[in-house]
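Produce the entire structure from the sequences given, and follow the hints as far as they go.
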Amino acid sequence: MCTDYIRSGRLLTAFKVLTIVALASSTMSSCGKSTEDGLARVQKSGVLRVGTDATYPPFEWIDTATGQVEGFDIDLVRAICSEIGCKPEFIVVPFDGIIAGLVSQKYDMIASTFTITPERSKQVAFSDPYYDGGQAIAVPLYDSSTFGVDDLRGKTVAVQLGTTGERRASQIPDAEVIAFENISAAFIDMENGRVDAVINDRPTTELIIRQRGAAKIVGPTLTAEEYGLAVTHSDKELLLSINRALAKIKADGRFEAMRLKWFGPASA
Amino acid sequence: MCPPGGPIDFLAEQGALALRILKFLLPAVPATIGITLASFAIAIVLGTLVGLAPLVRNRLLTALSRIYVDVLRGVPLLVQIFFIYFGLGSVLNFNRFTAGVVAVGIGYSAYLAEIIRAGVLSIAHGQHEAAAALGMSRGQALRHVILPQATRTIIPPTANEFIACLKDSSLVSIIGLRELTRAGREYYSQYFVDFQTWLIVGLIYLVMTLALTKFARHLERRFAVKGFGTGGLRH
Numbered sequence: 001m002c003t004d005y006i007r008s009g010r011l012l013t014a015f016k017v018l019t020i021v022a023l024a025s026s027t028m029s030s031c032g033k034s035t036e037d038g039l040a041r042v043q044k045s046g047v048l049r050v051g052t053d054a055t056y057p058p059f060e061w062i063d064t065a066t067g068q069v070e071g072f073d074i075d076l077v078r079a080i081c082s083e084i085g086c087k088p089e090f091i092v093v094p095f096d097g098i099i100a101g102l103v104s105q106k107y108d109m110i111a112s113t114f115t116i117t118p119e120r121s122k123q124v125a126f127s128d129p130y131y132d133g134g135q136a137i138a139v140p141l142y143d144s145s146t147f148g149v150d151d152l153r154g155k156t157v158a159v160q161l162g163t164t165g166e167r168r169a170s171q172i173p174d175a176e177v178i179a180f181e182n183i184s185a186a187f188i189d190m191e192n193g194r195v196d197a198v199i200n201d202r203p204t205t206e207l208i209i210r211q212r213g214a215a216k217i218v219g220p221t222l223t224a225e226e227y228g229l230a231v232t233h234s235d236k237e238l239l240l241s242i243n244r245a246l247a248k249i250k251a252d253g254r255f256e257a258m259r260l261k262w263f264g265p266a267s268a
Numbered sequence: 269m270c271p272p273g274g275p276i277d278f279l280a281e282q283g284a285l286a287l288r289i290l291k292f293l294l295p296a297v298p299a300t301i302g303i304t305l306a307s308f309a310i311a312i313v314l315g316t317l318v319g320l321a322p323l324v325r326n327r328l329l330t331a332l333s334r335i336y337v338d339v340l341r342g343v344p345l346l347v348q349i350f351f352i353y354f355g356l357g358s359v360l361n362f363n364r365f366t367a368g369v370v371a372v373g374i375g376y377s378a379y380l381a382e383i384i385r386a387g388v389l390s391i392a393h394g395q396h397e398a399a400a401a402l403g404m405s406r407g408q409a410l411r412h413v414i415l416p417q418a419t420r421t422i423i424p425p426t427a428n429e430f431i432a433c434l435k436d437s438s439l440v441s442i443i444g445l446r447e448l449t450r451a452g453r454e455y456y457s458q459y460f461v462d463f464q465t466w467l468i469v470g471l472i473y474l475v476m477t478l479a480l481t482k483f484a485r486h487l488e489r490r491f492a493v494k495g496f497g498t499g500g501l502r503h
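Going line by line, the protein sequences match chains A and B.
Throughout the first sequence, residue numbering follows the numbering used here, covering 1 to 268 in sequence.
Throughout the second sequence, residue numbering follows the numbering used here, covering 269 to 503 in sequence.
Think of the hints as simulated: they come from the structure by calculation, not from any bench.
Note that the structure is a prediction, hence the values are computed from the model and not measured.
Virtual Cβ for every residue (Gly too), placed ideally from N, Cα, C.
Computed from the model, here is a short list of chain B residues facing chain A with C-beta under 8 angstroms:
#1 G357
#2 R364
#3 F460
A partial selection of chain A residues facing chain B, derived with a Cβ cut-off under 10 angstroms:
#4 G97
#5 A179
#6 E191
Rendered as structure tokens:
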């Protein structure tokens, strides 16, 4: 039956049609979707949909007791929403697909410890930076030979897929980079002795070490990163109102209160 | 933003992109194939042992094989992978690849056990009786009469499982193994191209499964018995 299909030329025709459909759809997928600005859409529906990878304390995670998303980013989003006049709806997605979700309008904004980078800025529009981060190296407590990034040559490093930590780790010569869906898996792998180190944003690493022990940070912070909220490039009005809200929250002390709440007085 | 430039430019650009994506993805294909082959080999060995266990006519063995199948079919494969790598892995010492292959192999062995058991079950009782009448022991009957015939019934569903195993190999990326689907996600998170990336990933899987399908049909023809026909089904 299969050979009949091939001989009659129908298979080739089907393949040609499929290719044309595929190319046509890829053209269309790069064309814009709705032309309404995000701000109008959000004000009409009263809901700001926020994409977040809620596996990342203290910025965003799911509180097992309440089943709700909690964290610094979450509080920040709630404050911004009260300024704009809408309710936030949090949509939990894996981090490596978070831009895809925004671009395909599954949500209106990304709030997920999202580092501002030039490559990402081509895909999304970032708000003003709201927090300083940077990558830190975590190693097991019993490790007495790793003091900095140069000692990681030839070692195995665990990271989270799609993060700037993964990017930094892949720049280490001869290092094997193992990427996980979420950062806790990376730390568990290190605790089980499967990897030599974890490279991850410093604030979250510090919290995980406080919670689980068994690890320590070595060396200085590897990178200087700033986190920003993100919307699509076409949502210019939405971005303006987010930045205005952010400025207001920083000016009237709410931001400092949030920082104290989640990071304590020691954070600079 | 709609793409500027003429259609020729567009096609050339898409072609170049497709080649870049392929270049990135192809090094991950051996991992997918390796994981599939290794885990399916384990699955066949364990599945045969467990599937034929009831034939030994030992009550304990039969009960154990039933529990084995029920438990391993009853838990999602992803959960099994987590359990073996993170759960057992915190106590025992084995590497990522071994854990992933063993988890998938054990998971699939339960399904293969049932397929093999069904294959043997499908042999008419007359065959067992005739073998006994010819003076064969049960072991000889199994080896020379029952199992060769059962193989014909077992091949199509086993090939089915093999193809499913190839696709389920993508689950092991959860414990950090880099295979084809994970490579696709990496490409996306670095270059932010999604439609074309996933199209090509899907096509690569399709090429592999079509090759497996062809191999399975070849096996079926090889084990076909003249005079038994194909049960009225045209191939």
